[in-house]
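**Student:** From first to last, the protein sequence lines are chains A and B. Mapping to our numbering: the first sequence position 21 is 21, numbers consecutive. Mapping to our numbering: the second sequence position 172 is 172, numbers consecutive.
Calculated directly from the structure, the hints in this document are not laboratory data. It is possible that some hints are incorrect.
Listed below are several chain B residues computed to face chain A (Cβ distance under 8 angstroms; list not exhaustive) [to be verified]:
| hint | residue |
| --- | --- |
| 1 | Glu160 |
| 2 | Ser195 |
| 3 | Leu201 |
Cβ pair distances, simulated, as ranges [unchecked claim]:
| hint | chain 1 | residue 1 | chain 2 | residue 2 | range |
| --- | --- | --- | --- | --- | --- |
| 4 | B | Pro184 | A | Pro24 | 37 to 47 angstroms |
| 5 | A | Asn145 | B | Lys62 | 51 to 61 angstroms |
| 6 | B | Asp45 | A | Asn163 | 51 to 61 angstroms |
| 7 | B | Thr156 | A | Lys28 | 17 to 27 angstroms |
Cβ atoms here follow ideal geometry from the backbone N, Cα and C, with glycine treated the same way.
Number of protein chains: 2
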Amino acid sequence: MTKNITTQTLSRLPLYFNYLTSLPEDKKNGNISATAIAEALGLNDVQVRKDLASVSRGGRPKVGYSASELMGDIGKFLGFENHDGVVVAGMGNLGRAMLECDGFADYGFDILCGFDCDKQLVGTEINGRIIRDISEMTEFCRSNNIKIGIITVPETSAQEVCNKMAEAGIEYILNFAAVRLNAPEGVMVHNENISLTLAMLARCKFSEQ
Amino acid sequence: MTKNITTQTLSRLPLYFNYLTSLPEDKKNGNISATAIAEALGLNDVQVRKDLASVSRGGRPKVGYSASELMGDIGKFLGFENHDGVVVAGMGNLGRAMLECDGFADYGFDILCGFDCDKQLVGTEINGRIIRDISEMTEFCRSNNIKIGIITVPETSAQEVCNKMAEAGIEYILNFAAVRLNAPEGVMVHNENISLTLAMLARCKFSEQ
Chain A
1 MTKNITTQTL SRLPLYFNYL TSLPEDKKNG NISATAIAEA LGLNDVQVRK DLASVSRGGR
61 PKVGYSASEL MGDIGKFLGF ENHDGVVVAG MGNLGRAMLE CDGFADYGFD ILCGFDCDKQ
121 LVGTEINGRI IRDISEMTEF CRSNNIKIGI ITVPETSAQE VCNKMAEAGI EYILNFAAVR
181 LNAPEGVMVH NENISLTLAM LARCKFSEQ
Chain B
1 MTKNITTQTL SRLPLYFNYL TSLPEDKKNG NISATAIAEA LGLNDVQVRK DLASVSRGGR
61 PKVGYSASEL MGDIGKFLGF ENHDGVVVAG MGNLGRAMLE CDGFADYGFD ILCGFDCDKQ
121 LVGTEINGRI IRDISEMTEF CRSNNIKIGI ITVPETSAQE VCNKMAEAGI EYILNFAAVR
181 LNAPEGVMVH NENISLTLAM LARCKFSEQ
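Okay, chain A solo, but in the shape it has when bound:
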């Protein structure tokens, strides 16, 4: 699924989704207006109306959206009903945490296996997911048509692993190594930076709006 919306709209969809899931049961079964969502999240209501209209056709004048339908539409848009295979390279603590995590399934991701170069780890399992030798990555990804990879290797080998993933046909990479990766052609790399998230969170008092 590939859709064209602005990054700004996209970045707000999870806010809406989270807000809707946090509603008490009775409100989840009722209707909700874009204005009410905008107010609750401190966003501009014209913006919210446009965002919601770009992913759902369920909005009705004076009534708003059915909360549950809207949640479903946003979830469908973000692919939560998919079964997209994902591989994880680098079986340190962070990589192992990824294999342990069952939460990815709720968002339409199947974490298939991990890769590492440590022969001691190769062949072992975490949470029913096998750890394979990194030299097998290309073949595994190609034959299973894997498009999504997570990088949790040390920073010194992250670019090399990124390039290997690109060769293996992977198109989207979530990188946790503390180094900014250059995206090979045709590959989208998101450099995740937990320290930076924390800096933004902890150091700034957000103004309303």
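Since the structure of chain A is already known, use the hints to place chain B on it.
**Tutor:** The following block gives chain B in isolation, referenced to the frame of chain A:
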């Protein structure tokens, strides 16, 4: 350090910072305009000009910003020169990864110690950081004036740990447990959701702008 800027501006500051750090050395030593940054990142240049003006006074008409000064100003704004103590609750793989990580220091964070309820782990060290009994958290945080906590416990105990952190005087919490936490009064909680980040990244083709 507490400053009032909009969440929108704040969310773009790391983009600017990352872009500036990714420049080749000769460009880092030169000047750069808000327009050039806007173009490189596919953002609106009026917006970028306003964002930069809110954190740096170094902009000059027709010349732009000294790239290195601008980087310094954004870094200072985001508190990268601070030494803010941080504690991590939950010593599973993800929590252990946090203690192992030295990258937080670059952003002005000192990861001081971990907490867990497993007596086998208490007293052991990871990367020179001791794991303490979770029952000691309140006293430790109070006596060390800790304001920032990271939650990596299982979802079933996350809210309880969150409440304990609040009692201990912690004001900012980064939550990795797969459950949306209710923020106690006076505490800001950021519910980090790696699966959702991946959904946004992998499933949507961003339009330019």
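**Student:** All hints are to be evaluated individually against the structure, with a verdict given for each.
**Tutor:** Tested hints:
no.: 1; hint: Glu160; verdict: violated, 19 angstroms
no.: 2; hint: Ser195; verdict: holds, 4 angstroms
no.: 3; hint: Leu201; verdict: holds, 5 angstroms
no.: 4; hint: B/Pro184 to A/Pro24: 37 to 47 angstroms; verdict: violated, 19 angstroms
no.: 5; hint: A/Asn145 to B/Lys62: 51 to 61 angstroms; verdict: holds, 52 angstroms
no.: 6; hint: B/Asp45 to A/Asn163: 51 to 61 angstroms; verdict: violated, 33 angstroms
no.: 7; hint: B/Thr156 to A/Lys28: 17 to 27 angstroms; verdict: holds, 22 angstroms
Checked against the numbered hints above, the structure breaks hints 1, 4 and 6 and satisfies the rest.
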